[in-house]
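All chains, full assembly: derive it from the sequences and hints.
Protein chains in written order, with the numbering used here: chain U, 1 to 114; chain A, 1 to 112.
Among the hints, a few may not be true.
[To be verified] For each label pair, taking beta carbons as the anchor points, the in silico distance ranges come out as: (1) GLU102/U with ASN67/A: 19 to 27 Å; (2) VAL54/A with HIS10/U: 36 to 44 Å; (3) SER65/U with GLY83/A: 36 to 44 Å; (4) VAL114/U with GLY41/A: 18 to 26 Å; (5) ILE18/A with GLU59/U: 29 to 37 Å; (6) ILE12/A with GLY63/U: 20 to 28 Å.
No lab work stands behind these hints: they were computed from the structure.
Note that the structure is a prediction, hence the values are computed from the model and not measured.
The C-beta atom is built at its ideal place from N, Cα and C for all residues, glycine as well.
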Amino acid sequence: DAGITQSPRHKVTETGTPVTLRCHQTENHRYMYWYRQDPGHGLRLIHYSYGVKDTDKGEVSDGYSVSRSKTEDFLLTLESATSSQTSVYFCAIRAIGTANTEAFFGQGTRLTVV
Amino acid sequence: QQQVKQSPQSLIVQKGGISIINCAYENTAFDYFPWYQQFPGKGPALLIAIRPDVSEKKEGRFTISFNKSAKQFSLHIMDSQPGDSATYFCAASKEGAQKLVFGQGTRLTINP
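Set out below in structure tokens:
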């Protein structure tokens with residue numbers, strides 16, 4: 001497995017509370033991504049990073065923020081969790097060079113907002 | 001904005017049969033088309049990928065067929081086995097692009 005660790009693996013939180021998910025990589029890849037997976041929607045990109053302190057929005061970024069202060073860590077924060085953010089969250093890393101390359105995914109974080 | 005459309009959403013195939021999953025894309029600039037396989041409780045992992053300079057790529061029992069004019073590509077799993085039961089995602093990207101766009105996923109079940 002590629003060196004990607006997501007934490008926590010499972011979390012239950014209450015509506016309105018802030019939540020932070022962590023993605024840690026040991027591959028030194030430049031690009032890191034946060035996706036959410038929901039039935040019928042596949043994998044939807046929330047935010048991504050193309051370097052330290054360089055981030056951009058994906059297709060479902062509302063209600064989420066990210067930070068990347070080190071190459072190896074990419075944090076996803078739900079500012080005020082809502083039930084619609086109950087999902088499985090995946091972090092991915094990718095080395096993009098002269099040719100499109102494989103994305104490596106973490107094991108996922110199952111988040112339940114009650 | 002769904003740039004890659006995948007079908008069917010779920011598929012049941014008998015052991016030994018052929019599983020076929022289809023994807024259609026809109027952006028003609030896409031030039032990299034991977035398929036990912038995901039087992040329950042795991043993250044997706046790359047299965048096979050194709051570039052538009054070829055119409056077919058085969059790796060073992062898995063084959064990607066690519067139709068550039070129709071903007072469609074499909075995954076064929078020959079001699080399907082119960083161990084192939086998983087969720088499959090198609091995806092697309094263009095050279096050097098930062099984002100990989102995924103289809104909605106297909107939950108494949110192979111009955112013994």
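Can you give the numbers of the hints that this structure goes against, from lowest to highest?
Hint check: 6 fails alone, others pass.
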